[in-house]
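K.L.:
Taken in sequence, the protein lines are chains A and B.
Here the first sequence is numbered in the working numbering, starting from 428 and rising by one per residue.
Here the second sequence is numbered in the working numbering, starting from 1261 and rising by one per residue.
Read the hints as simulated data drawn from the structure, not as lab findings.
Hints are not guaranteed to be accurate.
Unchecked claim - What follows is a list of derived Cβ distance ranges for each label pair:
| # | chain 1 | residue 1 | chain 2 | residue 2 | range |
| --- | --- | --- | --- | --- | --- |
| 1 | B | P1412 | A | E528 | 51 to 61 angstroms |
| 2 | A | A622 | B | L1283 | 49 to 59 angstroms |
| 3 | A | G584 | B | W1319 | 20 to 30 angstroms |
As the list claims (entries may be wrong) - Pulled from the structure, derived: some chain A residues nowhere near chain B, Cβ distances all over 10 angstroms:
| # | residue |
| --- | --- |
| 4 | A532 |
| 5 | A625 |
| 6 | L700 |
Stated by the list, open to error - Every beta carbon over 10 angstroms from chain B, so not counted as near; a handful from chain A, in silico:
| # | residue |
| --- | --- |
| 7 | Y468 |
| 8 | L523 |
| 9 | R542 |
| 10 | E547 |
| 11 | Q568 |
| 12 | S609 |
| 13 | E618 |
| 14 | R641 |
| 15 | R672 |
| 16 | P684 |
Just so you know, even glycine gets a beta-carbon here, dropped at the ideal spot from N, CA and C.
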Amino acid sequence: MPTELQSRPQPRDGRPARFGAGELAQAGAPAAALEGVSRSYRAPARGGLRLWPRQDARAVQALAGVSLTVAPGELVAVVGASGCGKSTLLELMCGLQRPDEGTVACLPAVLMPQRDLLLEWLGALDNAALGVRIAGASRAQARERAAALFAELGLDGFQRARPHELSGGMRQRVAFARTLLSGKPLLCLDEPFGALDAITRAQMQDWLAAVLARERRTVVLVTHDVEEAALLADRVLVLSPRPGRVLAEISVQTPRPRSRTAPAVLEARRRALAELGMGATA
Amino acid sequence: MNGAGARARASSLWAPLALVAALLAAWELYADFSSVQEDLLPAPHAVASALWHNGGLIWRNFAVTAEQVVLGLALALAGGFALAVAIHLFPLLRRAVYPLAVGSQAVPIPVVGVLLVFWWGFGIFPKLVVIALICFFPVVVATVDGLASVDPEQPKLMRTLDASRWQTFRFAELPAALPAALSGARIALAVGVIGAFIAETSTPTGEAYAGLGHEIMTDAGGFQTPRAYAATAVLFAFAIACFYALALAERALVPWHTRPRGETT
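Work out the full structure: start from the sequences and follow the hints.
P.N.:
This is the structure we're talking about:
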């Protein structure tokens, strides 16, 4: 039984404390602990003027009894078919939803959504620094903090570029910089490279591995790309189709930097695909 | 501005000028050679002559009307924008206020014109209220839609960055809504000049120079048709000038939205 952690304070009643990467190790407690979490939601009823409550809104169960513990500094990948509740899992960890059953105890978490959601009217530097601005820094201070990270993330020379001037891969880098700069100890990445072409995606996976090797963070990575999970993660969690439940936990024990063709990576990929019922093709 | 841009600008000016010249020529020929009387439709040369000989009168009335249009539109934009923001932030208000805002567009202004004067006197303010009543609606509709056009995931991202409701509005929703709000402002502006005309002709007035709308109505009834047309031509030009002034402001306010066409993300 893991230690009960304080659940994430809501933004409205005071800001949660900010944790630097260095403060993680000393905690000893898990960065995230989910215990038997189930979550259903009503299929959103669309339409404007509703005169009486709709009776036909269907309840959809997204997650059924999911347990997951993430150690500080660990990278856990969650794979599963589309609609298996992966995004719901991240929203629970970020405090955007409450579980129907079970408990969620996480360090403050930041979401990197599927779409980069960069603000079109801001340059790359200001987009990356959004969280710093929100935390109360002046524009100049926020830019300074973001600028320090830009060279490291391979974004040098794009500081003033507006999102529409950036390629898909570069947009994701800026979105990741925004996620890092939030200062939260837990990064929740929701299919960060899902919309990229195969070659750019492979480049971005290597890029993320290199960045995380230098800048160790606790990461939960949701993806439908089994190879991505095997390449990047310490542990791969395989979820069943809706309602999502944990089918398997696959540990990937091989030093970094990893090669796509390293035996441990290939083995993890094969096992994850087998769990998803695609064993024959691997 | 490079050479190609300057050339493009020159050619974009050429087309509307040619069209205006052609229309004026056709009007001149029709007025001169058909049986229509000058009291009904004065020829362009008669209008130009009326403008020339009554320049001082028209100018002073124009100054009155222009002030009303600019201030009335400012009132409409400020009021419409504020209402849209309130509607966006408080969904209950949307249900309560939206039907009334729609209904307000059906109120014939002369019905309330006298009442407005009773409340606020013969000065400029009742006229500004009339203009604002006529113009605010497109601003509200466009701004509300613009505020709602933000990606539904955006508020979630903002919340995990610990943004307050106000910060989400200030950093994400407000800038996202600006282009739509300005489109609403453009529609408002297009009806703003006729709004001033309605304001002047539907509220009693006690001033020496009552504005172009008042003058046009007086002239049209007093067989001064060329002068009425001259004043109308001034309103016509003023509406166009206002529209392009707003287009310039738009380029400065929302540069990310007015990037060159054909450049997509």
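K.L.:
If a hint holds in the structure, say so; if it does not, say that too.
P.N.:
Verification of the supplied hints:
no. : hint                                      : in the structure
1   : P1412(B) with E528(A): 51 to 61 angstroms : violated, 26 angstroms
2   : A622(A) with L1283(B): 49 to 59 angstroms : holds, 51 angstroms
3   : G584(A) with W1319(B): 20 to 30 angstroms : violated, 55 angstroms
4   : A532                                      : holds, 17 angstroms
5   : A625                                      : holds, 21 angstroms
6   : L700                                      : holds, 29 angstroms
7   : Y468                                      : holds, 14 angstroms
8   : L523                                      : violated, 5 angstroms
9   : R542                                      : violated, 6 angstroms
10  : E547                                      : violated, 5 angstroms
11  : Q568                                      : holds, 16 angstroms
12  : S609                                      : violated, 6 angstroms
13  : E618                                      : holds, 12 angstroms
14  : R641                                      : holds, 23 angstroms
15  : R672                                      : holds, 24 angstroms
16  : P684                                      : holds, 29 angstroms
Of the numbered hints listed earlier, those contradicted by the structure are 1, 3, 8, 9, 10 and 12.
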